[in-house]
Amino acid sequence: DAKTTQPPSMDCAEGRAANLPCNHSTISGNEYVYWYRQIHSQGPQYIIHGLKNNETNEMASLIITEDRKSSTLILPHATLRDTAVYYCIAGYSTLTFGKGTMLLVSP
Amino acid sequence: NAGVMQNPRHLVRRRGQEARLRCSPMKGHSHVYWYRQLPEEGLKFMVYLQKENIIDESGMPKERFSAEFPKEGPSILRIQQVVRGDSAAYFCASSPFGTSDRRAFFGQGTRLTVV
Chain A
1 DAKTTQPPSM
11 DCAEGRAANL
21 PCNHSTISGN
31 EYVYWYRQIH
41 SQGPQYIIHG
51 LKNNETNEMA
61 SLIITEDRKS
71 STLILPHATL
81 RDTAVYYCIA
91 GYSTLTFGKG
101 TMLLVSP
Chain B
108 NAGVMQNPRH
118 LVRRRGQEAR
128 LRCSPMKGHS
138 HVYWYRQLPE
148 EGLKFMVYLQ
158 KENIIDESGM
168 PKERFSAEFP
178 KEGPSILRIQ
188 QVVRGDSAAY
198 FCASSPFGTS
208 DRRAFFGQGT
218 RLTVV
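Residue numbers (the numbering used here), protein chains in the order written: chain A, 1 to 107; chain B, 108 to 222.
Careful, some of the hints might be misleading.
Here are the simulated DSSO-like cross-link-like pairs (lysine-lysine), alpha carbons at most 30 Å apart as the crow flies [unchecked claim]:
(1) B/Lys151 with B/Lys169
(2) B/Lys134 with A/Lys69
(3) A/Lys99 with B/Lys169
(4) A/Lys3 with B/Lys158
(5) B/Lys158 with B/Lys134
(6) B/Lys169 with A/Lys3
(7) A/Lys52 with A/Lys3
Hints in this document: simulated from the structure, not taken from any laboratory.
Based on the sequences and whatever the hints tell you, model everything.
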């Protein structure tokens, strides 16, 4: 799996968009970009994944740069329940978790 | 469609005993992953299995730990002669990898406490 780099923490006001960056400059051609989050000590929750194209689902949007060396997860209207550790993973079949970004959504 | 089921949710073992953790994947998923999370630390990959095969065990400790995913029944993570340092949350994930769906879904984990 390619190594990923994320900021250790970010803050976001409730109702605003949260934009979480991730660098994966060594990603190889067949590796996907995955985003998961872990709320408190629960099991990680799948958010979204993509290969080359931008993706959107009911939870979030994923923007991948054209050279695929970085990506951004966008939570369009953050709520207090979105407070969690967010993990960006670049891989094919084995998911290797890094330290992630602790997102704190405040009222 | 039930999610990934792990049991027990909490397990207490004395040093030297065996711990057996079970993971029932989602229906139709033939790929299972095990992860360990020590207190205040991140998720560490342990092993990746398909039915009756170990695909990647690069994260498994060399001794006392083993995993299996038989043709029938749940995946089992077995820890022999547990020590205090094995106390952690163990998470299982399943996926239908091999199809167009590459999502992996996690269970709620088993919290192992070694006393």
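Now the hints, each set against the structure:
{"no.": "1", "hint": "B/Lys151 with B/Lys169", "result": "holds (15 Å)"}
{"no.": "2", "hint": "B/Lys134 with A/Lys69", "result": "violated (35 Å)"}
{"no.": "3", "hint": "A/Lys99 with B/Lys169", "result": "holds (24 Å)"}
{"no.": "4", "hint": "A/Lys3 with B/Lys158", "result": "holds (28 Å)"}
{"no.": "5", "hint": "B/Lys158 with B/Lys134", "result": "holds (13 Å)"}
{"no.": "6", "hint": "B/Lys169 with A/Lys3", "result": "holds (24 Å)"}
{"no.": "7", "hint": "A/Lys52 with A/Lys3", "result": "holds (17 Å)"}
Hint compliance for this structure: hint 2 alone is broken.
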